[in-house]
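Undergrad: The residues making up each chain are set out below.
2 protein chains.
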Amino acid sequence: MYSVGLMSGTSLDGVDAALVEIIDYGIDTKIKLMEFITLDIPRDIKEEIKLSCHEEKSSVDLICSLNFKLGYLFSNAVKEVCKKAKFSLENLDFIATHGQTIYHIPKKRGSLIPSTMQIGEPAIIAYETGVKVISNFRVMDMAAGGEGAPLVPFSEFVLYGSREESIALQNIGGIGNVTVIPNTGNINDVFAFDTGPGNMIIDDVCQRLFGASYDEDGKFASKGMVNNTMLIDLMSHPYILSKPPKSTGREEFGQKYVDEILEKYKMLKSEDILATVTMFTAKSISENYKKFILSKVNLKKIVIGGGGAHNKTLLKYIKEELPNIKIVTQDELGFSSDAKEAIAFVILGNETLNESFSNVPSATGATNKVILGNITPSPIRR
Amino acid sequence: MYSVGLMSGTSLDGVDAALVEIIDYGIDTKIKLMEFITLDIPRDIKEEIKLSCHEEKSSVDLICSLNFKLGYLFSNAVKEVCKKAKFSLENLDFIATHGQTIYHIPKKRGSLIPSTMQIGEPAIIAYETGVKVISNFRVMDMAAGGEGAPLVPFSEFVLYGSREESIALQNIGGIGNVTVIPNTGNINDVFAFDTGPGNMIIDDVCQRLFGASYDEDGKFASKGMVNNTMLIDLMSHPYILSKPPKSTGREEFGQKYVDEILEKYKMLKSEDILATVTMFTAKSISENYKKFILSKVNLKKIVIGGGGAHNKTLLKYIKEELPNIKIVTQDELGFSSDAKEAIAFVILGNETLNESFSNVPSATGATNKVILGNITPSPIRR
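Going line by line, the protein sequences match chains A and B.
For what it's worth, this note's numbering labels the leading residue of the first sequence as 482, then goes sequentially.
For what it's worth, this note's numbering labels the leading residue of the second sequence as 482, then goes sequentially.
Please note that the accuracy of each hint is not assured.
Pairwise CB distance ranges (calculated) [said to hold, decoys possible]:
1) A:D698 / B:N849: 34 to 44 Å
2) A:K565 / B:N849: 52 to 62 Å
3) A:E502 / B:K565: 44 to 54 Å
4) A:P719 / B:E528: 32 to 42 Å
5) A:K565 / B:K588: 55 to 65 Å
6) A:S694 / B:Y506: 40 to 50 Å
7) A:K527 / B:L712: 49 to 59 Å
Sample of chain B residues lacking proximity to chain A, with all beta carbon distances greater than 10 Å (derived) [unchecked claim]:
8) E537
9) Y738
10) H791
Honestly, the hints are just simulated from the structure, not real lab data.
From a predicted model like this one, the values you see are computed outputs, not experimental measurements.
Note that CB positions come from ideal geometry on N, CA and C, so glycine has one too.
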């Protein structure tokens, strides 16, 4: 079976399209990545997405139209990745699309009930490509009382799960999050939570003190020394050692937080501040492992993915803090870190077509397992 | 096969739920209406729908939450109609839902592209009932270049089409619209268009001059006399004799139009004004038949449905204008006028499950026939 997975994240860096071959099915599912592209989002559409996400600036006419525009953009991403691979659209079995999240209400808030909204009309994608589309994965988990996220633990279990060793998948995006896959072979034993900041603080500090959008390879931090007083202070943030399940975001480790620490430690050298927040990020991860993972699971390996996997200083710090565990990056294992989420949705879409459950209630909080997603048939009957 | 069809119109009178049995399939599809209810829309939800439809007052958080709230409301409508029929949800094969239209852009307008948006999350309906849901019928027709409306001609062809006689289905809702089904047995020969005002002007005049929300049985109009000068003036409206395909709405025959005619003819008696706008509505229908239907099709019968079918004065006028054609109401034929649209979506949903085309390009303007709708599997695998 051949499929294209589509992912367009909230960072708006582009539309990820992964063309994959699905080999076997079930616990033995193997995925072969054939081609991967990230399609730029045109500036005017990016602007419309930002407006559509905004409580005050959004409006129904804009959202109605943007849903269709994104359908066309996602169709182009499918066409482009197939063209690059010289793979005919006619040989695609299905497309799995996450859509663009424009709003997410994990918990009741005033008159707003728990709900989530991803747009990028699947009918447009199906019509433009002639291929069946699986979409809207998050809503059914929320119908079952879950938060609709994270959905990746299922694909991580399928791709990385092993009966030989227990492993953890540590993603370092803006936020750090971990999925723990014990070697029981039972998806019910999988658990996941946010460890704390990922690149969010490092990037922001880097931008303000070094004028660079991120610390490439961790080179700025490598020149600094960790300041222990500041580190202890940062580590006292209540999120770090609060018990899972837990999730965090820009509300806790965003600009406001960075404003405060930069003001408080302005007497330190820039390199030292960056080294310290990099160590803070490393230790927020390692301390969560020590407290909440190693006590439960005999962990042998950590696989690091996301942009943070490229920060060598951060990786070095994490290895120092967890000396007895093998730490590798996703790319070292031969898995594309960039294509990870687009591939995850192919795996979820395949489960939908097989009428199989694919949420992980221990990760999302759902009361039961459900079949995720809906199916838009190819409009031209192939 | 058993199914519930759900319809919630823009008038917000309630959620229509029709429990039906589908007998046979294809050109011989027969539908037996087992039970029908209209569930009230709670006042707060009605308010949220109105806000969500409004360009200035709508916002993404409201729409995100309302999509789920309507999912729960629609689920309740399914449960209620099954309960009233003492029919177990477990025996339902599928649910077909139109959703609540919150926006529709039939043609490009500035930066807004042709698109349409119906909400009422199918995942919620599928989870709450345990039944497979077919939804979002209009989007695929728009993907194929159509206006996404009208979709009823397909079900009208299935239900009323006959090789013996050519018939017309005249719906009189706010707007009047006709579907013509020639006796060729070929759906490609079906055509449809808006004839002009339906109850829109009558209701508005009735409200302002008689303080009643509509002219029950046409009793107020029956006491008046048609004023010929006024009638000729009204009939000069350019829409009436403009060539199909054509569609109209509140922009042309809404409050502003009524303001103008009431001002211009304020010297007339209220009964006479109402009789005249009732005759105008009748003649806008009959003149369209004479000019655009009878010249093409040897029409034997007109079936009248929608709220206007209850207005006896209006019906009498139409009969006078078209003396050689048999005119009956849907209810006289044994078809529920109220349940018509909810049943239409069961028929469309059934086509989706059979991977069969169900738009009528000659009615919507689509460039080709397509399979409409998407399928949300029952989340609990039945």
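Undergrad: Could you work out which earlier hints the structure fails to respect and list their numbers in ascending sequence?
TA: Result: hints 1, 2, 5, 6 and 8 break, sorted rising.
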